[in-house]
Amino acid sequence: MKENKETVNIAFLGLGGQGIITLAKMIATSALDTGKKVCYNEIHGLSQRGGSVQSFLRLNEESSPLFASSDVDIVVGLEKMETLRYLYGIKEQKPKVILLDYFEIRNTNYFGLEVFPEEEEIDKEIKERAEELYIFDRENFKKQFKGNFIPYNVGIFSALTTFEELGITEEIGEKIVKKLLGKNILLSQVNKKAFKEGKKWIKKI
Amino acid sequence: MSVKRKNKIDNGIAETEEALFMGNHAVVQGLLEAGVGFTAAYPGTPSTEIQVRLAKLHEKGQLYFEYSVNEKVAFEVSAAAALSGVRSAVIMKHVGVNVASDAMMALAYFGVQGGMVIVAVDDPGCQSSQNEQDSRFWGKFAHIPVFEPSTPQEIRDFIPKIYDLSEKYNMLCMLRMTNFTSLSTGIVKHRPVEEKLSWNGEFVREIKYQIPARYLLHKGLHKSLKELVKDPLFDEFISLKESSSSSERLIITHGAIYPIVEYMAELYNFDGDILKIGAIFPLNEEKIAEIVKKYKYVYFVEELEPYLETEILAIIGRYNLNVTVLGKEKLQIPYENSLRPDALKEAFSRIVADPNDDSVFYEIPDPSPLPKIFDSEELLIPRTLPRLCDGCSHRGAFYSIKKATGEDFIIPSDIGCYALGQVQPVDVGDYWLCMGGGLGTALGMSKVNGKKVIAIIGDGTFFHAGMPALLDAVEYNHNITLAILDNSLTAMTGGQPSPSSTTWKRKDFNPINLEEVVKGLGVKWIKSVQAINVKENVKIVKEALEYQGPSVLIFKGECIVNKLRNMKTPVKPLSIDQELCTRCGNCLIDFACPSIVKEDGRIIIKQDTCTGCGYCAMVCPVNAIK
Ligand SMILES: Cc1ncc(C[n+]2csc(CCOP(=O)(O)OP(=O)(O)O)c2C)c(N)n1
Ligand code: SF4
Ligand code: SF4
Numbered sequence: 001m002k003e004n005k006e007t008v009n010i011a012f013l014g015l016g017g018q019g020i021i022t023l024a025k026m027i028a029t030s031a032l033d034t035g036k037k038v039c040y041n042e043i044h045g046l047s048q049r050g051g052s053v054q055s056f057l058r059l060n061e062e063s064s065p066l067f068a069s070s071d072v073d074i075v076v077g078l079e080k081m082e083t084l085r086y087l088y089g090i091k092e093q094k095p096k097v098i099l100l101d102y103f104e105i106r107n108t109n110y111f112g113l114e115v116f117p118e119e120e121e122i123d124k125e126i127k128e129r130a131e132e133l134y135i136f137d138r139e140n141f142k143k144q145f146k147g148n149f150i151p152y153n154v155g156i157f158s159a160l161t162t163f164e165e166l167g168i169t170e171e172i173g174e175k176i177v178k179k180l181l182g183k184n185i186l187l188s189q190v191n192k193k194a195f196k197e198g199k200k201w202i203k204k205i
Numbered sequence: 001m002s003v004k005r006k007n008k009i010d011n012g013i014a015e016t017e018e019a020l021f022m023g024n025h026a027v028v029q030g031l032l033e034a035g036v037g038f039t040a041a042y043p044g045t046p047s048t049e050i051q052v053r054l055a056k057l058h059e060k061g062q063l064y065f066e067y068s069v070n071e072k073v074a075f076e077v078s079a080a081a082a083l084s085g086v087r088s089a090v091i092m093k094h095v096g097v098n099v100a101s102d103a104m105m106a107l108a109y110f111g112v113q114g115g116m117v118i119v120a121v122d123d124p125g126c127q128s129s130q131n132e133q134d135s136r137f138w139g140k141f142a143h144i145p146v147f148e149p150s151t152p153q154e155i156r157d158f159i160p161k162i163y164d165l166s167e168k169y170n171m172l173c174m175l176r177m178t179n180f181t182s183l184s185t186g187i188v189k190h191r192p193v194e195e196k197l198s199w200n201g202e203f204v205r206e207i208k209y210q211i212p213a214r215y216l217l218h219k220g221l222h223k224s225l226k227e228l229v230k231d232p233l234f235d236e237f238i239s240l241k242e243s244s245s246s247s248e249r250l251i252i253t254h255g256a257i258y259p260i261v262e263y264m265a266e267l268y269n270f271d272g273d274i275l276k277i278g279a280i281f282p283l284n285e286e287k288i289a290e291i292v293k294k295y296k297y298v299y300f301v302e303e304l305e306p307y308l309e310t311e312i313l314a315i316i317g318r319y320n321l322n323v324t325v326l327g328k329e330k331l332q333i334p335y336e337n338s339l340r341p342d343a344l345k346e347a348f349s350r351i352v353a354d355p356n357d358d359s360v361f362y363e364i365p366d367p368s369p370l371p372k373i374f375d376s377e378e379l380l381i382p383r384t385l386p387r388l389c390d391g392c393s394h395r396g397a398f399y400s401i402k403k404a405t406g407e408d409f410i411i412p413s414d415i416g417c418y419a420l421g422q423v424q425p426v427d428v429g430d431y432w433l434c435m436g437g438g439l440g441t442a443l444g445m446s447k448v449n450g451k452k453v454i455a456i457i458g459d460g461t462f463f464h465a466g467m468p469a470l471l472d473a474v475e476y477n478h479n480i481t482l483a484i485l486d487n488s489l490t491a492m493t494g495g496q497p498s499p500s501s502t503t504w505k506r507k508d509f510n511p512i513n514l515e516e517v518v519k520g521l522g523v524k525w526i527k528s529v530q531a532i533n534v535k536e537n538v539k540i541v542k543e544a545l546e547y548q549g550p551s552v553l554i555f556k557g558e559c560i561v562n563k564l565r566n567m568k569t570p571v572k573p574l575s576i577d578q579e580l581c582t583r584c585g586n587c588l589i590d591f592a593c594p595s596i597v598k599e600d601g602r603i604i605i606k607q608d609t610c611t612g613c614g615y616c617a618m619v620c621p622v623n624a625i626k
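Going down the list, the protein sequences come from chains A and B. Going by UniProt numbering, 148 is the number at position 148 of the first sequence; the sequence numbering is gapless. Going by UniProt numbering, 299 is the number at position 299 of the second sequence; the sequence numbering is gapless.
FYI, nobody ran anything at the bench for these hints, they're computed from the structure. Glycine included, each C-beta is placed from N, C-alpha and C at the ideal position. One should not assume that every hint holds.
[Stated by the list, open to error] One-sided excerpt, in silico: chain A residues whose CB lies under 7 Å from chain B:
| no. | residue |
| --- | --- |
| 1 | Y40 |
| 2 | G50 |
| 3 | S52 |
| 4 | S64 |
If we strip away everything but chain A, and leave its shape as in the complex, we get (with noise of 0.2 Å):
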């Protein structure tokens, strides 16, 4: 259906906390700083944290952020639960899907409901409806680091940057990297090591 083929539409699902809209503004950062257009656009509900968020991303883009499912390209799923909700929403094509998930499913008990889908059984319809599966070791990330602080905002923009359809450099991802995160000094050695290892984990499945 779509008219122009290098737009490139990227739907990012999750929850409060995890980072989505810093990494939707360090690729739309990247894409500024490349010469592209592009827009973005963040749907969140209250400043508590672990309600749903969702942030919607078009890069050769500038007027709408917001697409139809239909028309997704790539969908960045940073919690499965939320991810499966989306591409349930999708009915036509299968997209590219990005599993940066590090956050176990929640425990959440409303209703006094207690059914709950097995994780074995999410992954399973996630990658039924998956064109291509790529999915983030963040357990092996994590080992990485030592101490509280593991940078996985970092992590898994550096493991975006090795989507070719992203178009981002080497160069751009370290200096946006430093530019949106890097103004403490320790913490901006963390992040470059957090850049080079991001995108050793991200496997295709």
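Could you slot chain B with the ligands onto chain A? The hints should help.
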């Protein structure tokens, strides 16, 4: 009267830089470029980022900003600036306009000397609000021009022009945004503004402020509106996107959803033209009639109410135009929720269909008008609802209230994070209406139901709209208990200061003592407790409930999000000693912090989400949580 202008004003032409701006930040940029020196606001999502940035600019000394005690006061302080010749802006969410409206309706009659814009941000879909009212209606009701931009660039471009019009016609204006325009980010060409913007003005008395025959001002207002629509600058807020072929079809839509409509039109190969209306009120009837009459079919695509549809149908009638109109009902565009592309698929399949093929335009039955717990039936995926954070101090207060009240009490709650206490399994609170509405209705509830009622409110909401209701409680000795959950913060909207914030460092800010205010309102029974002492507090809640007449119990605690934000040391999560744990479920079910979960028959604390707040340890009867 002429006003000496102190601040440099940009007409929005000089553009020297490109940057990514979210809509809310583009508002601030527009205000700066328009030379607006005086701003005030009351917190409310989705307008938050505008306010946070203005607060920072105030800190830098670039302009004046204050978080006022509520929207009405915010409006009034800004109005005074505008009456004194200073360009001013007041920022709030859509429902805030209800609170400010008493002053707004009257100020419209006075008119302004310095330009004044009320920025109202609507929340279609009620992402963070009690309703999804459509602010476009205020224009006609209050006689204020309403403008609605569509992209961050347009927001920045519109604002200086709106100020020019506001000043030229001495009219208060409204910038109507929505969560879509507020939270969309795009590349914006702009002129960085570094200079300090003055907020000094001079009030000049005018006879029109004093005359009793106010209807004369009303008359003047209609005259100004008629002049305004003829202004060439006003025309710039309407644009027609013409397709290459000459078409019989025209879509009429409004700024806030224009980008989505344009996108959908492309996706569905719509071959007609699109009229974007960025000036919602007043409408330039002549111009619109001129445009509309060229088409055979006119489609209205609007988010929320069919405002333009109704207004333009009247124009079509007055001008006797021969067009077929297809609107909300025919296109089956929902009245509710934000109009994302997927929600417009049905409408667009109808727009590109043969308008004379009746089989296309049937009414689709609503399969499930009631909220569902599950989003999808394929795998049972539960809805993600907001909930109190792991480690929120409100949960401590709820625990004590729950233990003290049992099943028998009516518990009106209010608007703030504590409204989430109503979500199971915490389950404290029966309803929330509007800010301050919990206490107000509690008074009537206790009278009519003939029993003590306990109302819940936050410190922010208490100062905003709770004080008059408490005064009423004292005045008529209503039999209520008010639990004020005091985290000295306006937490729900992102952690802005509340009047009692002791952590907000600003030279001219004096934190208000909540207890003294309550005493000052004449309350005789008042106690302050730490929310973390959950067990002791059960007794104190009971005492408050036993008291005949108004009693106030203040629970003090911290917003964990705010605490973590300012914490220098790493979080130390707690854990449960499995030897001691008797699986009583007190922490899991009654207290219900989401970090406490059941796993393989044991109750454990999730180490990656626990914030180490320590509340659950106070709940455990055998001290197993450490
Ligand atoms: C008229 C109106 N203005 C603003 C808001 C946005 N709003 C939602 S909750 C809230 C205040 C929350 O503060 P508080 O009562 O202290 O509760 P907390 O979130 O800190 O628990 C505000 C301003 C609103 N819902 N209605
Ligand atoms: S943001 Fe603060 S007040 Fe609101 S739920 Fe979270 S901890 Fe509680
Ligand atoms: S200490 Fe207890 S109440 Fe606090 S966050 Fe951790 S599990 Fe929840």
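These are the hints, each one checked on the structure:
Here the hint on A:Y40 is kept, as its CB sits about 5 Å from the closest CB of chain B, short of 7 Å. Contact between A:G50 and chain B, as hinted, is supported at the beta carbon level, the nearest pair being about 6 Å apart and thus within 7 Å. Annotation: A:S52 was flagged as interfacial toward chain B, and the flag holds, the nearest CB pair being 4 Å apart, inside 7 Å. Interface hint status for A:S64: upheld, as the beta-carbon distance to the closest one in chain B is roughly 3 Å, under 7 Å.
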